[in-house]
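Asker: Chain by chain, the residues run as shown.
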Amino acid sequence: MRLYATVAVSSFRRYATYRLATVAGVFTNTVFGFIVAYTFIALWSERPHLGGYDRDQALTFVWTSQALLAAACLIGGGFQVELQERIRSGDVAVDLYRPADLQLWWLAGDLGRAAFELLGRGVAPMTVGVLAFGLALPTSPLTWAAFLLSVLLGLLVGFALRYLVALCAFWLLDGSGVNTLQGLLCMFFSGSLLPLNVFPGAFGDIARALPWAALLQVPADVLLGRHHGATGIGAALAFQAVWAVLLLAAGRALQAAATRKVVVQGG
Amino acid sequence: MADHPLVRPLRRPAAGTRAYGLVAGMWIRSALAYRASFLMMAAGNFAATALDFVAIYLMFRHVDALGGFTLPEVALLYGTTSTSFGLTDLVLGNMDRVGRRVRDGTMDTLLVRPVPVLAHVAADRFALHRLGRLGQGLLLLVWSLSRVDVHWTPVTVLLVPLMLLSGSLIFAAVFVAGGAFQFRAGDASEVQNAFTYGGTTLLQYPPTVFAQDLVRGVTFVVPLAFVNWLPALRLLGRDDPLGLPGWADFASPAVALACCALAGLAWRAGLRGYRSTGS
Amino acid sequence: MPTTPAGPPATEAPLIELDGVEKVFHVRRRTGLLRRERREVRAVDGLTFRVPRGEMVGYIGPNGAGKSTTVKMLTGILVPSAGRLRVAGTDPSRERERLARRIGVVFGQRTTLWWDLPLRDSYGLVRRMYRIPERRYRENLERCVELLDLAALLDVPVRQLSLGQRMRGDIAAALLHDPEVLYLDEPTIGLDVVSKAKVRNVLRDVNAERGTTVLLTTHDLTDIEQLCKRVMVIDHGRLVYDGGLDGLLTAGGGERTLVVDLEREFPPIEDVPGARVVRVEGPRQWLAFAAGGSAAPLVAAVAERYPLVDLSVREPAIEDVIARMYADRPAA
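Protein chains in written order, with full-length UniProt numbering: chain A, 1 to 267; chain B, 1 to 279; chain C, 1 to 332.
Here chain A stands alone, though its shape is the one from the complex (with noise of 0.2 Å):
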């Protein structure tokens, strides 16, 4: 556990020495947050209880969606490209025989990184949100308690999505198809364009039960209070939890998959 920790923290000491992009990327950040904040007073000003959501909750999913944009890879990022660039060299024959489990050794370094990325690219966005706005937050500990679960296990589902499309490498010649199709499929399904509440009728019921929910949806409803009382909330976790729990034993098997080909073939 302690080895898991150290990756951790040095994935997270490996980001924050970007001071300068960091900044940039806040900056951009907020930018974004305006442009999308206006569009959705606009649309919340023809239809005002669209998807449930009030003005001020549509915008809170604004401010929450660029928070968590950098730290859950919602539009692209994380690691699955260099652990691509490491199975197509065969330099991860080396980390297999590693005594460390390569899925759990990806996913410190991950964590690492989006605890960087939720400190350092996310509370800034969301305060300019709050100050421009005033936005729908909530005030009791417990909401807030619930919503950085929610995100925790947000990050997990992320990872291990990514983490089933890294491995593909393995049997494919070229990743970046993969990534790509991932990479699309998270920023639509993940509501990061538009809240999945607003996506219509049963294409709407469909996305909201497809993993990609858990990234970004689900812990903005937890934070905006739509789940109520425990079993609400116990509900929606439990999603999230679900679909990390399956995606990330489908991760084990492909990789105990991988490592048979590694060992069967010699990398």
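These aren't lab readings, by the way, just hints derived from the structure by calculation.
Accuracy of the hints is not assured; some may be wrong.
[As the list claims (entries may be wrong)] Listed next, with one range per pair, are the computed distances between beta-carbon atoms:
1. His151(B) with Trp171(A): 52 to 62 Å
2. Leu149(A) with Leu165(B): 44 to 54 Å
3. Arg159(C) with Asp239(B): 34 to 44 Å
4. Leu104(A) with Asp320(C): 41 to 51 Å
5. Gly105(B) with Thr222(C): 25 to 35 Å
6. Lys261(A) with Arg284(C): 50 to 60 Å
7. Val155(B) with Leu172(A): 51 to 61 Å
8. Gly134(A) with Gly68(B): 19 to 29 Å
Even glycine gets a Cβ: it sits at the ideal position worked out from N, Cα and C.
Starting from the known structure of chain A, fit chains B and C onto it as the hints suggest.
Answerer: Same frame as chain A, but now just chains B and C:
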């Protein structure tokens, strides 16, 4: 070299264009050699931008108008800015690598070549798959033009290509100025995205959606409003929210040239700074 | 201060001329959470030298001495802070693009080739970029392929080449347009013995056959010994030596080492004039002798008195020579 004084100012653009063509041409050949990979990346590029519009389409499932604009009208705004931006992104999309090049020293390897360095930086690693974004913009532009109600006269017909070209040039100025900025602050290349990707996202929506101060900012400070808002509003027969005089709708080419001149100066200053301080 | 160049007397204007060239960098360093310190670094400090056409010059010095900065000024990448600098009669920083056609540059640490493209495509691009006539291009490419043994590598993307292969590819790229002067910044660093030999071979060839002027920065004294009659030493941005290699070793008070393997263990060899034993390990002994002198009489003297099995001569490390030279100089 004894050039005719009228020929001299054209020398560098000509040399730059030739160098750009050489380098970009090689990357295009290389991209086409891996056709499957290229097609996949172009499709991904197309889809990534198309999903943006799907989101707008989904909004219009709930409302008839956004900021007073109908779906075909918003699609016209979307199509014009995406076409302009797509063209610029294709040609100059690699300008966000300047900071990285300064840091890893590859800027020096470009500076020993007998070609203008701006052309070389822009052309190196030319990414043909960015045609996807351009294609998506063009498709929407054609669709929207077939659906919006425009009083077509020779002037309005001419306004469309002029708007697209001026828009591309304004975005080009932003890309080049962003590249110049990276000579100073290499890690901050993402700031550029706020103006490039952020700019085109902004221009996809009607100006009536945004706060007046924001509209003023992108009219008078970073004149993105001239990319498509002002000329497109003229096409649609609408007034602009700032109440600018009518000729402003035709000012895009002049604004674009002024922006390019300023960006050129910024680039020269950035490059001079780099060459006098090194890395 | 620099002595007169040891090369042949120049009948025409020197190809490279530097007069009091300086390069000052302003470095900003974070000293606290918000505090920053601005510091001036004189990377090159009053450099004056001339290189006549056709000469092959070694340009050496410890890390951070100002070698790369000099090369960057000579190529026009960097603008000097002060002084006068001319290459082929022009100011490189003002005429950078035009001069680029007449010079070749090889950076040892990074390639000037296009990373994802096969060598052949890179060369084709160089041909068109430098407007090299087709026939000339083909002749030059053939010669480079032969001398640098590139035939099997032409269709390999640059990123897949080993360091030695990539360096050979880079040198060929720098020679295709018949440059009048070739700057090489550490071209043999990290290379295997075979690649090193090939690199030296081709440099010798272009210098002798084409009369190409070569300025070579290196850490490897063997490069200098095999290629350059003249060597310039730079330290802290100043020229501390300009002359022949022998002179450098004498001036530096450096010592070469003769390593002899005798048939069996002997007491330290003390009866050979001009040498002293610095180390003994079984039958192997290390004898230091003045770097300016020849090893031949020493070898003869040892062989006369002892049963000699094997021997080798070790050059002093460039850092040692320069460190000693610098230590000997009175503080400026």
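Asker: Quick one: which hint numbers does this structure break? Sort them smallest to largest.
Answerer: 3
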